[in-house]
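There are 2 protein chains.
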Amino acid sequence: MYEGAIQDLIDELGRLPGVGPKSAQRIAFHLMQAEPADARRLADAITTVKDTVRFCARCFNVSEAEHCRICQDQRRDGTLLCVVEEARDVQAIERTREFRGRYHVLGGAISPIDGVGPDELHIAELIRRLDDEPVEELILATNPNVEGEATASYLSRLLEHLGVRVTRLASGLPVGGDLDYADEVTLGRAFSGRRELGA
Amino acid sequence: MYEGAIQDLIDELGRLPGVGPKSAQRIAFHLMQAEPADARRLADAITTVKDTVRFCARCFNVSEAEHCRICQDQRRDGTLLCVVEEARDVQAIERTREFRGRYHVLGGAISPIDGVGPDELHIAELIRRLDDEPVEELILATNPNVEGEATASYLSRLLEHLGVRVTRLASGLPVGGDLDYADEVTLGRAFSGRRELGA
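The listed protein sequences derive, respectively, from chains A and B. Counting from 1, one number per residue, gives the positions in the first sequence under the working numbering. Counting from 1, one number per residue, gives the positions in the second sequence under the working numbering.
Some clues are possibly wrong.
What the hints assert, rightly or not - Computed footprint of chain B on chain A; a stretch qualifies when at least three of its residues, placed anywhere within it, have a C-beta under 8 Å from a C-beta of chain B:
1) 14-20
2) 39-47
3) 77-91
4) 160-169
Think of the hints as simulated: they come from the structure by calculation, not from any bench. Glycine residues also receive a C-beta, built at the ideal position from the N, C-alpha and C atoms.
For reference, chain A alone in the conformation it holds in the complex (with noise of 0.2 Å):
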């Protein structure tokens, strides 16, 4: 529709999840008109990613070392391992600051429909790290959807005999929600995981 320049930047754009075609054109009109300098610095930090960004050697995490920040940090509990799906669940335990040991990411979660199986995901190097580090508890940290509960099941049953402690994050209400609005299965959830007050 547009004359060529402008329209390969909305391709491209259009190319990014949650981009449809309407942010497209108009973050293509805002780079157009932006100073050089920040069109510049977005060109770059694109580029930089590639260029300087991968994935943590031991856990999968996003790094720019061969191992990442949390991986090298010797004040970090080895002895707790918990496993999420994406780096991006690192980040949200992270600001909980609520957990003090190690990450392991997936890179995903069983997902037959998407083609998505065990192999496409690095639970063999997780099993590896069970045997290399003095793991005491596992906690499966992966999304509460069918595709997470899936991959969570999958693994307690194949981590069953390694002796190691397997624990699942408690689903239930959420903090500042209302009862009435939580869905059946959240509220459902919320019983059976209730808890002694004072224990």
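Following the hints, put chain B in place on chain A, whose structure we already have.
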């Protein structure tokens, strides 16, 4: 939150219009994991747009030459001039294939709240074009919102002594819409703008 380059990219993406922190993170991870050639194409498209795309010297549409394709096209009717707010409005009108005249892009609409007065828009250039070109009808196609209406009424008052016919796009019910769902102002406009059938 993240290490160096990926956080830089998230920050840069978060500055784009309509891209919130979550989308920025999602896009950054997508780019990090994309094929290097795909990411490179996006970075190049941004740079190329800044280097090659500019505004048409006559109508302020986007262009890669001094004059845009529409201004260069000798088959367009020079007696009809359609005034729009933004270059993307030109594309929207072109898609209708209803209009074979030329355009003039104001570069926005009068909006005192945003500090945009007539002097910030390409209005002086419009008046110069009315002197130089054989325009017989000026179609005010600014948006049917407060700013667009204000701009249209400002222009119609400014141009009334020039002897050129000034028209405004019709407001009314959207085609395919439900009368029931139309807001009162739109429905009111549809009434006041009603046309005789068979006319």
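Which of the listed hints are broken here? Those not satisfied come down to hint 4.
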